[in-house]
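Enquirer: Here is what each chain is made of, one letter per residue.
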Amino acid sequence: SMADTLTHLPELLCIFGTGDLGRSLGQRLLQTGYRVVYGSRRPHSCGPVPQGAQVRSHEAASQSARLVFICVHREHYDFLQTLAPQLKGKVLVDLSNNLKKDIYPEANAVYLQRLVPGAAVVKGLNTLSAWTLQNGPLAGKQVFLCGDSAEAKQAVSDVATRLSLSVVDRGSLSAARELEDFPLRLFPEWRLPLRVALGLTAFFFFYLLIRDVIYAYVEKGNDISFRIMVSLANKVFPIVSLIMLSLCYLPGVLASFFQLYRGTKYRCFPDWLDRWMLCRKQLGLVALGFAFLHAIYTFIIPIRYAVRHKLISLMKNNKSTPFDFDKTEAWATDSFYVMGILGFFLYVLLGLSSLPSVGSALSWREFTFIQSKLGHLTLVICTVHGYIYGWNKFLRPSTYKWWTPPGYMLCLVVPSIVLVLKLLLLLPCVDRTVTRIRQGWERTEPGEERDEIKATNL
Amino acid sequence: SMADTLTHLPELLCIFGTGDLGRSLGQRLLQTGYRVVYGSRRPHSCGPVPQGAQVRSHEAASQSARLVFICVHREHYDFLQTLAPQLKGKVLVDLSNNLKKDIYPEANAVYLQRLVPGAAVVKGLNTLSAWTLQNGPLAGKQVFLCGDSAEAKQAVSDVATRLSLSVVDRGSLSAARELEDFPLRLFPEWRLPLRVALGLTAFFFFYLLIRDVIYAYVEKGNDISFRIMVSLANKVFPIVSLIMLSLCYLPGVLASFFQLYRGTKYRCFPDWLDRWMLCRKQLGLVALGFAFLHAIYTFIIPIRYAVRHKLISLMKNNKSTPFDFDKTEAWATDSFYVMGILGFFLYVLLGLSSLPSVGSALSWREFTFIQSKLGHLTLVICTVHGYIYGWNKFLRPSTYKWWTPPGYMLCLVVPSIVLVLKLLLLLPCVDRTVTRIRQGWERTEPGEERDEIKATNL
Amino acid sequence: SMADTLTHLPELLCIFGTGDLGRSLGQRLLQTGYRVVYGSRRPHSCGPVPQGAQVRSHEAASQSARLVFICVHREHYDFLQTLAPQLKGKVLVDLSNNLKKDIYPEANAVYLQRLVPGAAVVKGLNTLSAWTLQNGPLAGKQVFLCGDSAEAKQAVSDVATRLSLSVVDRGSLSAARELEDFPLRLFPEWRLPLRVALGLTAFFFFYLLIRDVIYAYVEKGNDISFRIMVSLANKVFPIVSLIMLSLCYLPGVLASFFQLYRGTKYRCFPDWLDRWMLCRKQLGLVALGFAFLHAIYTFIIPIRYAVRHKLISLMKNNKSTPFDFDKTEAWATDSFYVMGILGFFLYVLLGLSSLPSVGSALSWREFTFIQSKLGHLTLVICTVHGYIYGWNKFLRPSTYKWWTPPGYMLCLVVPSIVLVLKLLLLLPCVDRTVTRIRQGWERTEPGEERDEIKATNL
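Chains as they are written, first to last, in the UniProt record's numbering: chain A, 1 to 458; chain B, 1 to 458; chain C, 1 to 458.
There could be a bad hint or two in this list.
Copies of the same chain are indistinguishable here, so a pair counts whether it falls within one copy or spans any two.
What the hints assert, rightly or not - Derived DSSO-like pairs (lysine-lysine); straight-line CA-CA distance at most 27 Å:
no., residue 1, residue 2
1, 327, 310
2, 100, 401
3, 100, 327
4, 373, 100
5, 310, 393
6, 281, 88
7, 373, 101
8, 100, 422
9, 401, 310
10, 327, 220
11, 101, 310
12, 401, 220
13, 281, 373
14, 220, 393
15, 310, 281
16, 88, 220
Keep in mind that the hints were calculated from the coordinates and are not lab data.
Using the sequences provided together with the hints, build the complete structure.
Expert: Set out below in C-alpha cells:
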C-alpha cells in the first residue's frame, strides 16, 4: 500500500467559475493537496487563478475530474444544459446562494439537477463564504450536504473532511432549499428572547413613566422628566433582567412538572414548551446584557449632575436637620449592593460558560452543575437583591401611587414563582420520582408494561 | 477506485437501545452518511427512531453490522449474554456511564467483555451526552477510547473521526474505569485553587474582623459591624487576589531554581510542584474573579449609605477645620487608582487569552509572551498598587493595632518574594545558565557524558 | 475489507530524538493508534520513552518505518548524513525550529534535504510545541506543511489528520524558511494598530498636557499637574478609542469609493488599503481596550481625592452662591452618559463576536450584520457621545486656549468624515451601483465585454 500511495497523483477537482468564491475554494483545495482545474468560458482572459491551478474550457476542465464545483450565479446556469452530455455521471456540487429567500420557485440545486439529469447533484458547502475560505481557519466549521446519491455525497464529504470541515448530511436533494436559506439566517434563535425583552422593556418603561414622572407632574406639579434618561432606565433594566433570568429557568421547572404529571419522559412536550426550552441560553444572555447595563448605570450615579446637585443642596439648605447614622439602613443598603454584586458576578460566570469554546471543554456533570446549580443560585441571589430593595418600602402607603404597585414588586412575581416551584421539586419524595422518570421509569398504567422496556435504554 | 466507491453502500452500524442516547447517536450517524439499524426487544413498539433507520430484533440487527453500539443501562446487560454466539467477532462499543463512582466492582466495559468473551469490547464515546449529540457541534470534541483489540479500536476511531470527533486512545480495556469516571468529573483541576482561595479568604476575613471591627468595639466601644458587608470584604478580595496571582507565578520560579540547583531539566520535579504547575491557569482565573469583585466593590463605594453619611456629616460638623488641598496626597491616591486600573486591565487580558479558542490561535512565542511577560508585568503593577496603598501608613504606630500588621502588609509578602526571585533569575549569568539547561544542556558530573546525548534532542 | 483491516497492524512511525518534543509526539501518536519506534545514539541510556514505544539505534529504528520524524536540534543534523543510504526513499519530517530568525543561511529543512538527498524531506508540524502535544487538545489546530514530493506530503498529512490537526499545504520546500518563522511570530497583525494607538496616545497626551496643565501654570500660575494621572488620561483614552474605532470603518468606506470610481471589483486595491483592511479587527479591539480603560477611569472619579476635596470645599466656601437646578444641564449630562454607556455596551458586543469561537458560529449574514450594521451604530453612538460633550462648550472663547481647539473637537473629525462618507454610500443610487459592482457587474468601457464573463461567477 506504500508503493500504491507513492505512485498516485492527488485527486483532480474541477471548479466552474473564476470569481471570488471559485478562486478562494481553489486555493484551499490546492493547499489541502488536491490538484485543481478551472472551467471557464474564455480560459485565456479570465483573470488570475491561484498558483498551481490550470484553466481550460468547461468541457476540457470537467473531462478528467469526478467532482465539479459550480461557483456560478444561478442566473447563468443555462450553459450547463448544453454541457449535460459531458457532465453525465459526474458529481456536481452546487455552492450557490441567493440574495433573498423565495425569489425562485425551486431551489438552485433542484434547478441544476433538472438541467443536468445525468449528473449527481449535491447541494452543500454554501455556508462557506469566499472570505472564510481565504482567511479563516476552517477546522471544525460545520457544513451541510444534501443530495439524492449517497455515493456522490460521500465523495463530497471526503473532500470536505480533508478541508477539516465537519460534515452534516441533511438527506435528499429536497432539503436544498433549507440549505440555501442557511446563510440568510439572521439570529433566528434570538428573535423570541429579543421580542420578550422588547415587550417587557416597553411595558415597564411606560408603567414607571406614568407612576414616577407623570404622577409627580400631575399630583405635585413637579417636572422630573430629566430622570427618564438614567433613573427610569436604571429601574427598567434590572426588572427586565430579573424577569428574563427567571423565564430562563421556568421552562425547566415546567418540564419537570409535565413529566411528574404524565409519569413518563417519553411523551413529547407541548410545542410552545419545546421552543421555549431551546432559547433558554439566549434568554439568559439577553438578561445578562440588561444586568450589565444596570451595573454600569449604577456605577455612574454619583457623577450625575442631578445627584451631585441634590447632595450639595441637601447640605446647603437643611443645615439644621439632624442626620443620624442609621445602622439598620447601613446594613440593609450594603446587603442590597452585595447581593447585586454577587448576582452580577455569577451572571458573568454563567455567560462565560455559555461561550462555545468554554462550554465544549466541560464534562456533562460540570455543564449541568453550572447551568442548573449555579444558575438557580444566581436567580436566588438576584431575587433576594430585589426583596431587600423593598424591605422597608412595601408597607408605606406612599409606595402605592395611584393604587399601583411599584415596579420592583411586579418583577419579583415570576422569580418567586420559579423558586417556589423549584423548591417543591427539591422535596425528597418529588425529587426521587423525577429522577426515576428521567432514568426511563414510567408510572405503569393498568394493562401496560412499557416501562420495563424503556428502562433498559440509556 | 471511483467505480469502487460508487457501487458500495455506506457502512451499516447497529445500535442496541432506543433511548435518548441511542436515538441521538443514530441520528448523528445517519447525518454523517452511515446506515443505522436498531436492535430492540420489541421492535414493533419501541417508540420513534430517527428517520431512515430500521428497527429489528437484537439478533437480526447485529447480524449484518460489524460495530454494535451498546446504549443500554449496565443493569440490563444480561440479555447480551444470551446473544454471545451471534456477537462473536463483532466490535461492541460500550457507551454506558454510571450515576456515581465505584458502585460496581468492575467497569461496565469489563463486565460486558466477561458476558461476551468472543466480541472485541471497546469502551468509549461515553463523554458524549444525548444533548450534545443532538444539538452541539461535535467538531473537535475530544473523546476517549480503550480496548484490548487495536483493530476494534481502529474501527471505532474511524467512525468517531467521521463524526469530526478527536479521538484519544487510552490503551487497554483496563482503562475503562477511568473513562467511565470522566463524565462524573466535577472541576478536578479547580479544587486546589478554590480551596486555597477559600482558606485565604477565611483567614483574612477573621484577621481583619478582629483588627478592624472587634478592635474598634473593644478598645473604643464603637460598633462598626456594618462595615463587614462591603468595607471588610473589599479589603479581603484584593488581598486574596494578589496572593493567588503571585501563587500562580511562584511555581515557575521555583521550577527554575530546581533546575539550576540540579543542573539538568531531565529530572522530574517533586510531585507537589508538578500538581501546583498544572493548576496555574485556574489559580490565575480565581485571582481574576477576586479582582473583578474588588473592582465592582470599589465602584459602588460612593453610593453607599455610610460613605454618603460620612461626607455629609463631615461638612455639617467640622465647618471650622481647614481642609487644605494636599498635592502629594492627590498624586498618591491617583497613582494608587491608576495602578489598580492598569493591573485589572492586564488581568482581564490574561483571562481572555486563557479562553480555549483565543489561546489556541496564538503561536508558541505569543503564548509565552502573554503568560510570562504580561503576567509578571501584571504582578508588578498589582504589587505596586499594594505598596502605594501603604506608602504613608506603615510608619504610623496606629497602623499596628494590637501589635498586628495590617492586611495589606501581609499580602505583599508572597508577591514581593516572587518578584525578587524572578529578578534573580533575570540576572544575565543566571539567565544564561537556565536557558542552556532548558535547551537540554546538563551540568556534567564527573564520569558522566550524558549531556552530550541529550543536547541533540529538541 | 473488514478482514483486511482486522489483520493489519497499525502503521509504524519512527522518531529520531528522545527529548521533550520527541517524547510528547510519540505519546500522541501512540494514543492515536500508531506504533512508535525511537531512534537514539545510545538506545539503552536515553531516558524514559512513552509506554508502548521501542528504542533502537537510528539505523534499526528507521528500517521498517516509512516516515521518520526528526526531533533533533539542527546543530546535530550531521549524523543524518552518515545515515543517508538507510534513509533513501524515506519521508523525513523536519519539526525543528530556531531560537531566532535568520541565524542560518538556509532553512533547516533545506539543509536536511542537502544532507540526505535521497529522502523526501517534508517541513511541518513545527508550530506544535511539546507542551501542546502533551496537554492541549489538538483538534482543529492548524499546521503547515511544505515539501517537494506530493506523495510525502500526503503521507505526513494523513498522520496529521489522524491527530485531528487541520493541515495547510504551503507548497514546495522553498517555503520552509517561512514555516520555520511561524513559531517566532509575535503578534504581526497587531503591530500596525498598536503603533497607531501609541502614536495617537502620545500626540494627544502632549497636546492636552500643553493645553491643560502647562497653560494653567503659565497663564494662571496654577499647578494642576496632579491631574495628569487620571483626568488627563481619561481625556486621552476616549479620544484615541473613538479615532481608532473610526479608523476601523474608514477602509471599508474607502474601498467602496475605489470600486465606484473604477467601476469594477476585479482590480486590486492599493497595497496600503489591503494591509489596512486586514487589521480592522485588531484596530477595533485596541479601540475597545481604550474604551474599557475610559469606562473604569470614569467609574472611579467620585472616589478620587481631588474630586472629593473640590466637592467639600465647594460647599464650605461658596455658601452664599445660589446653585439652581438646571434642567437642560441635567438632560444633557444624562444623555451624554447614556450615549457613552450604550456605546460601550455595543463595543463589548462587537468584541465578543470577534472571539474565534463565537464568530465561527455565526452565519455569513449574521457576521455581516454585527460587523457592519452594529459596528456603524456603535460609531454613531460614540460620535454623538462626543458631540454632546461639546454641545455648550464650542462657542465659549475660553475653550480655545492659546488658539488651539480642544481635544474632543479634534477627535470628532475622523468619525464625522467616516459617517458622512458612509451616508453618501447609503444613498439609493450609490448603493445600487455598489451592490451591482459587488455582484460582479463592471462598468463597460468601450471595446470591452469582460463584465459579461465576470458576472456569471460567484
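Enquirer: With identical chains treated as interchangeable, where does the CA-CA distance between residue 401 and residue 220 reach 27 Å or less: within a copy, between copies, both, or neither?
Expert: For residue 401 and residue 220, the Cα distance is within 27 Å only inside one copy (12 Å; across copies 45 Å).
Enquirer: Please work out whether the CA atoms of residue 88 and residue 220 approach to 27 Å or closer within one copy, between two copies, in both situations, or in neither?
Expert: neither (85 Å within a copy, 89 Å between copies)
Enquirer: Should residue 401 paired with residue 310 be assigned to within, between, both, or neither, using CA atoms and 27 Å as the limit?
Expert: within (23 Å within a copy, 32 Å between copies)
Enquirer: Under a CA distance limit of 27 Å, which applies to residue 220 and residue 393: within one copy, between copies, both, or neither?
Expert: within (21 Å within a copy, 34 Å between copies)
Enquirer: Which holds for residue 373 with residue 100 at a C-alpha limit of 27 Å: within a copy, between copies, both or neither?
Expert: Answer is between; shortest inter-copy Cα gap is 18 Å, intra-copy 43 Å.
Enquirer: Within, between, both or neither: how does the pair residue 100, residue 401 come out at a Cα-Cα threshold of 27 Å?
Expert: Neither. Shortest intra-copy (51 Å) and inter-copy (55 Å) distances fail the 27 Å Cα cut-off.
Enquirer: Could you place residue 310 and residue 393 in one of the four classes (within, between, both, neither) given a Cα distance threshold of 27 Å?
Expert: For residue 310 and residue 393, both the intra-copy (21 Å) and inter-copy (24 Å) Cα distances are at most 27 Å.
Enquirer: Under a CA distance limit of 27 Å, which applies to residue 101 and residue 310: within one copy, between copies, both, or neither?
Expert: neither (56 Å within a copy, 62 Å between copies)
Enquirer: Which holds for residue 310 with residue 281 at a C-alpha limit of 27 Å: within a copy, between copies, both or neither?
Expert: neither (41 Å within a copy, 44 Å between copies)
Enquirer: Using 27 Å as the alpha carbon limit, work out where residue 100 and residue 327 are close: within a copy, between copies, both or neither.
Expert: neither (64 Å within a copy, 48 Å between copies)
Enquirer: What label fits residue 327 with residue 310 when the C-alpha limit is 27 Å: within, between, both, or neither?
Expert: both (23 Å within a copy, 13 Å between copies)
Enquirer: How do residue 281 and residue 88 come out at 27 Å by Cα distance, when the copy is not named: within, between, both, or neither?
Expert: neither (47 Å within a copy, 46 Å between copies)
Of the numbered hints given earlier, the model fails hints 2, 3, 6, 11, 15, 16; all others are met.
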